[in-house]
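J.: Residue numbers (numbering that gives the first Met the number 0), protein chains in the order written: chain A, 0 to 461; chain B, 0 to 461; chain C, 0 to 461; chain D, 0 to 461.
Please keep in mind that the hints were generated in silico from the structure rather than gathered at the bench. Some hints here could point you the wrong way.
No farther apart than 20 Å at their CA atoms in a straight line, the calculated lysine to any residue pairs in the SDA-like style are these [claimed, not checked]: (1) A:Lys348 <-> A:Gly194; (2) C:Lys452 <-> D:Pro66; (3) C:Lys448 <-> D:Pro66.
Pairwise CB distance ranges (calculated) [said to hold, decoys possible]: (4) D:Lys299 <-> C:Ser259: 44 to 50 Å; (5) D:Asp22 <-> A:Lys341: 32 to 38 Å; (6) D:Ser202 <-> C:Asp298: 43 to 49 Å; (7) A:Lys381 <-> D:Asp42: 54 to 60 Å; (8) A:Gln455 <-> D:Glu364: 28 to 34 Å; (9) C:Gly359 <-> B:Pro13: 46 to 52 Å; (10) C:Ser191 <-> D:Ser126: 54 to 60 Å.
Every residue, glycine too, gets a C-beta built ideally from N, C-alpha and C.
Protein chains: 4
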Amino acid sequence: MMGDPFESLTALLPANYVHMARDAALASTSRIRHLVTQRKIPDVGWSVNEIDLFVRQIAAMDSNAFPGNVGAGERESRIFSVLVAQRNYNLGHGIGRSGDILAVQPKAVGSSLINHLTNHLVSHALSLAGIQPKPHCFITPFATGMALTMCFLRLRHMRPNATHVIATRVDQKSHLKSVEAAGFRLCVVANSRRGDEITTDASSVAEAAESIGVENVVAVLAVTSCFAPRAPDDLPTLSTWCKDQGVPLVVNNAYGVQSSKCVHLVNEARRVGRLDVFVQSCDKNFMVPVGGAVIAGFDKEFVDSIAALYPGRASCGPSLDVLMTLLELGVNRYKQLLSQRKTIYEKLKSALQIVAAKHGERILETKSNNISLAFTLDNYPKEDVSKLGSMLFTRNVSGARVVSGLETKTVADVRLCGWGAHADDHPSAYLTVAAAIGMKPEEVDIVAKRLDKALQKFKQDL
Amino acid sequence: MMGDPFESLTALLPANYVHMARDAALASTSRIRHLVTQRKIPDVGWSVNEIDLFVRQIAAMDSNAFPGNVGAGERESRIFSVLVAQRNYNLGHGIGRSGDILAVQPKAVGSSLINHLTNHLVSHALSLAGIQPKPHCFITPFATGMALTMCFLRLRHMRPNATHVIATRVDQKSHLKSVEAAGFRLCVVANSRRGDEITTDASSVAEAAESIGVENVVAVLAVTSCFAPRAPDDLPTLSTWCKDQGVPLVVNNAYGVQSSKCVHLVNEARRVGRLDVFVQSCDKNFMVPVGGAVIAGFDKEFVDSIAALYPGRASCGPSLDVLMTLLELGVNRYKQLLSQRKTIYEKLKSALQIVAAKHGERILETKSNNISLAFTLDNYPKEDVSKLGSMLFTRNVSGARVVSGLETKTVADVRLCGWGAHADDHPSAYLTVAAAIGMKPEEVDIVAKRLDKALQKFKQDL
Amino acid sequence: MMGDPFESLTALLPANYVHMARDAALASTSRIRHLVTQRKIPDVGWSVNEIDLFVRQIAAMDSNAFPGNVGAGERESRIFSVLVAQRNYNLGHGIGRSGDILAVQPKAVGSSLINHLTNHLVSHALSLAGIQPKPHCFITPFATGMALTMCFLRLRHMRPNATHVIATRVDQKSHLKSVEAAGFRLCVVANSRRGDEITTDASSVAEAAESIGVENVVAVLAVTSCFAPRAPDDLPTLSTWCKDQGVPLVVNNAYGVQSSKCVHLVNEARRVGRLDVFVQSCDKNFMVPVGGAVIAGFDKEFVDSIAALYPGRASCGPSLDVLMTLLELGVNRYKQLLSQRKTIYEKLKSALQIVAAKHGERILETKSNNISLAFTLDNYPKEDVSKLGSMLFTRNVSGARVVSGLETKTVADVRLCGWGAHADDHPSAYLTVAAAIGMKPEEVDIVAKRLDKALQKFKQDL
Amino acid sequence: MMGDPFESLTALLPANYVHMARDAALASTSRIRHLVTQRKIPDVGWSVNEIDLFVRQIAAMDSNAFPGNVGAGERESRIFSVLVAQRNYNLGHGIGRSGDILAVQPKAVGSSLINHLTNHLVSHALSLAGIQPKPHCFITPFATGMALTMCFLRLRHMRPNATHVIATRVDQKSHLKSVEAAGFRLCVVANSRRGDEITTDASSVAEAAESIGVENVVAVLAVTSCFAPRAPDDLPTLSTWCKDQGVPLVVNNAYGVQSSKCVHLVNEARRVGRLDVFVQSCDKNFMVPVGGAVIAGFDKEFVDSIAALYPGRASCGPSLDVLMTLLELGVNRYKQLLSQRKTIYEKLKSALQIVAAKHGERILETKSNNISLAFTLDNYPKEDVSKLGSMLFTRNVSGARVVSGLETKTVADVRLCGWGAHADDHPSAYLTVAAAIGMKPEEVDIVAKRLDKALQKFKQDL
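With the hints as extra help, turn the sequences into a complete structure.
T.: Rendered as structure tokens:
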């Protein structure tokens, strides 16, 4: 309503009161201008009402919201359902334009602003998490797996004759399937073991490349965030090799933004070698619903070329969710959450060590992985341990995974023995549990307590 | 609250009143059961409140909503922002699972239900629009262009050595770029002219295939919905050829569900030849925000195999928007909108004919295209006509496109002269205007009036 | 959006697109300024999004919404529940101030604006409905009955020795109880019958006044909107008498704003005699939830003195609901609804006449009442007819009332025989049905159909 | 979700997943049944989503939400605006019925449930705050002042010849005006001073009663929550006198529920003497928007008789806000907030003492008042101190009140010198500041800091 309408209010209300309200409105306007000009997450998060109003003001910038607008095309953001319109803040045009997901739509200035502003704020968030220098990035309207596919599709244009992607083994289906979806052959190389940890065997990557022919390798696909006892890949060594060989390195950093260790690996990889692009999940790092991923890199031109490959428009939803969340978080709260997560990880480790000791088990030593933990299940027959997973789920503990090491699965035409364990022959069956961003201290206690009870019951039922 | 809680209310409120409320609750439950069992759009649309309550009840089925649930994984639907949680009905798990976008998530029964139920309702909607037999389909979390890319990625696995997609020329960037994104070479074949209409030249497809080598052709890409004077492609002829040659036919039916002509072409193509898959936009056909597309076909196995190629999860948003809209529409209102659109098309044609006559122009004769119209701009220098587009936009008419025929554009490495006109040498400059589903009769009058005024002003300013 | 922030957007987005959005924002600002300056309902209703944004902008003017505000008092609009905050648009200060419900709160400029603006718009609505000249009015935070009480409490200060309120008989409890709540004695005078209609017997008012002593009469309480066969009171005759005798006239115009006949009576009463104040329901006239009433009159000073009597603050909700509704209606739609209601009344009359004829009943002739109708139930024992009411309710017809004429009720110490019939000895039992604003044509058909069926069943069951 | 519909889901989704969701739904149903049966605030607050769903399920019990319902009356909850419907959860019938605000509406079982359930929960909240025994109470649809008026209107029926209300002096307009609105004469009696505190002078009440005539006294009106240096009234002494003399005692406990001292006084007054009714604000005690008050007492019959006096219906809003808030709070969080408030009061006291010492002022010793504090302004001319209030407000400190003691005001025909100070001749000018429920620790620091700065500036500007 801003600007001069305030003067008109003085006919109804005392001028000094009205001017106080105007000052508040101007302060709010000034915060918005600062946001748009600086394109950084505000230090202190905005209130729910400020965010809500801001989004509505942006949405009013799309042509379908203009008073008196009529549509003469086939896509005019005519939203039938009032509920649908509301949950989307009446934003109907999506983001991107036929050519490019970063293109501005003349009809939809508001949606375009959300798109661009959010990408800038996410870049800021990555740099707050420690990625140096500040990367270029954009949000994709699909989750991590498909975002990796998109990166490979882009690489096809750069390496038109290449056929294979070499991936260090990590037993996560969408990670592996991202290669298949892009139409490439997947070559999974085995990890090595160092103490309890399962780590990158860089030599096996080199060997695989040699056998395939380096010129036939589209890229190496590595991973940072993964379930213990798998350690994040040794990105510096891989990136050094990639640089030497002229092979692109694609990193799945799915939920690694929340981990200083993963972030450090990304930085080091860039510093010493070649890291073309790293992909992260919006939901896992920024606590929004599943839907978007962030494709990031240090070469603006390359990142933009992936965006430019996307044919057509996409939902505005994932960007909007991230925008609203980052504005509410603010720099302070985001940093606080990052540091709280570390504390919670330590708390979880201690709590599980107590349960493990009680049940004659132990927590595997996986110092490189500071997000998840593996709790051995050595005292139970491997054939039976999967039952423990169900028991936890029915006890309202979601997300804990039991790995027996007995399963075999074929993904993207590759047969993987010991599925789930990231290795053919892991000695222990175990349970993995994560301390991810947004977990609350009180959840740790409940997880430990319910695990303890479930193990007791499980033992009895054997 | 349903079921026996009603009995407990009788301690506070008179029993006969309570029982009336219970009867209403039972009726509502029974409608939901019917929906889930039949998986069809209800005949009469549900009220806004019924839909809202239904979605909230479904959302309560995801594990993150279970009272007492704690998360021990890395993706636990911990939504930070209350505004984000609300606009997503607290649904955070997305749809699909690492393996497959149609997979059910144990953690997210509610989200999975939305995914499956919506796909069934969309199939019903397609069949209500006239597609026969009822097709198999699923919603993708990206718009039409990327959905076409997904189809081509799937075809790569079936035709591993093929390299080219042959497309009949239609000057729409994301349509053409969908081929490039999939990593294939695009071969655009010219159309022929029949009176004012620009139509499929099936022989040029055959010639192109011959020169490329049929075995190298991934697929033929045709289009139904397009801007006049471009006519929908002659699908029956193309599908006959495709069947003969064993080449897949992919159809971009972007906003064709609303047109009985486009629907008829799809049906005929299936009847007489080979039509592998047809893709349509959610926003343009079902009046939801941009974000999803529908991949449909008559071979369940093939359609499912495209879904299975998608690596990982996706946003629930596009499905949710469609679900809520179809429930509110009901069969009756949806059919009514389809038939109203036809009437509005005729109204638009008449109104524009009057304006055309007044300004010494005419409406091109494009009987095969019953969605859009082309209004000649013969009395103005071609170099200047683009200005008219801006004039209309600043007069709050969005979506009208001016085509001068003078522009040249390179898309997916293909150089296209006369960009926008679907032909190198279209004789007229013109303006295209569409009568799409959801347009209101009063909008037609305003479009005509503003066009009239804009033309007057345009003439003066020349 | 917000004045100059648009310039800052041009760093992110093309300037010409941004300026289009700015023009739209300016147009919207200009509409708001016009509203605040003119304080009239806009001719064309605003869109849902415009209204929503407007209310949020107003709410941002309350001090609790100021960024950086801290509270040091005991009422600082600290809303605990986010759901409660949202449903109230974060408006927490209510309306009024300790002194007066019309007082402006320094802390709550936004809430104060809602209060004042809405009162102006309601005055406009009353004048659109035909009240002449435009009355002074304000919304009370309670419904009609308590608003009448408030009027009587004000009159106590003007007529400190008066003890009785004389009311023409209308069998509506809150109407009668409003006198008792104010601490006055209620004197109900009998109506007369003219044909089927039950009408004002002005002479009985005069007689009652004489027996009580005119100086002891606080006011005469009359009614316009009432259930057939009761006719609206003969306000001109009553107001003439009131003027002659110096007795205030209070009119319960509960749902009379929607009826040109009731409006005409109010106008005539003012023209020829004395009409101090007339009270109407917000929900029944403006289609909002139950909660507010409008106290209106032609003497600003007197109306304001009632507002000034209210001790303390009140909920902003009833005003907010009315404000949002009137903005969405606009003058055009409001007038259209008023005229549609007349048509629906005629339709209802015809439909019920057909049912009546079929069942050997008739519609009572009540030409003065153009809102409701009475349908005789002469063919059934009076003791049983109440059952028909329940039958209709269980058949999902709400609001139809069956009057047997056999009941006796004591309200405010007055014993009323034939309760419901507005007369001691009404010859028929009957069913009343109303055609109120917002009723839809299709509802009429259903009411008639279900009544027909219910009567058939009722007859069988006798 | 809804009983057996879960079985129908098993056709779409794996049965074991569906059954997990059903278990969660049953748990939720069971919590609701427990709530309705026990009518107590749950120990642990419900989640936002549970509350939201619960309210929607209740709202579906009102007849206007029944599928297929048609309205044949004049008040059928036809809500025009979708925004208004949503913010009211589609609840349109209000609470109460013509006769009584506690009456159940057959048409509106859901609204009636909200009304009754909330009253029970508020009674529980009062007892959690320490009121013993658990009182009877109900929410009024207006704030404290009008609720007091309602109590006096009820007392008129019990003491028909009484004319005066004796009130101990407290300088709060709506408190005093509540007597005038009810049509009684207000007799304000002076307080005495004990050290810095201004306290009840019970003898002056007795003297006033004698001079008026005890039989002419409607009631004594006392206050608990008030601004320092005013102490809560000595309720035990007053109630003893009232019992002796047979005079009703009405207590304005506006925001006293949050103070154990005020609660104790209420309990003691009941124990030793006569306390008819005590009234509290919903917004100030339960952190909801302004709109409702709670009329409470220990004699169910008397409390109910006040409710029964209310003529007609009222808004459901204030009850709904309180219901949702109490469900979210739970017993645990409510108790925690009560105890946090005490801590914050102490923190505020310390922080202000430091500022006072710095500026040569002091905090008045007011041990009986544990909600607010008075900060002397002895070093400034009394004529100027009001400016300090404005300075604080423009520095975004709302709610601090400056009392110069120089003002004179006439309220309800009573002239009060030294308005604001609760006494004619208070020695100091001062500033009052409160630590009310919901205040946050960090707000205390900001208040102190801004006060310090404002005082510096104020001194400079003198």
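J.: Hint by hint, note whether the structure agrees.
T.: Hints, verified against the model:
1. A:Lys348 <-> A:Gly194: OK: A:Lys348 and A:Gly194 at ~18 Å, within 20 Å.
2. C:Lys452 <-> D:Pro66: Satisfied, since the Cα-Cα distance of roughly 19 Å is no more than 20 Å.
3. C:Lys448 <-> D:Pro66: holds (17 Å)
4. D:Lys299 <-> C:Ser259: 44 to 50 Å: holds (48 Å)
5. D:Asp22 <-> A:Lys341: 32 to 38 Å: Holds, at about 35 Å.
6. D:Ser202 <-> C:Asp298: 43 to 49 Å: Holds, at about 46 Å.
7. A:Lys381 <-> D:Asp42: 54 to 60 Å: Violated: the Cβ-Cβ distance is about 42 Å, outside 54 to 60 Å.
8. A:Gln455 <-> D:Glu364: 28 to 34 Å: violated (59 Å)
9. C:Gly359 <-> B:Pro13: 46 to 52 Å: violated (34 Å)
10. C:Ser191 <-> D:Ser126: 54 to 60 Å: Hint holds: Cβ distance 56 Å, inside 54 to 60 Å.
Going through the hint list in order, the structure does not satisfy hints 7, 8, 9.
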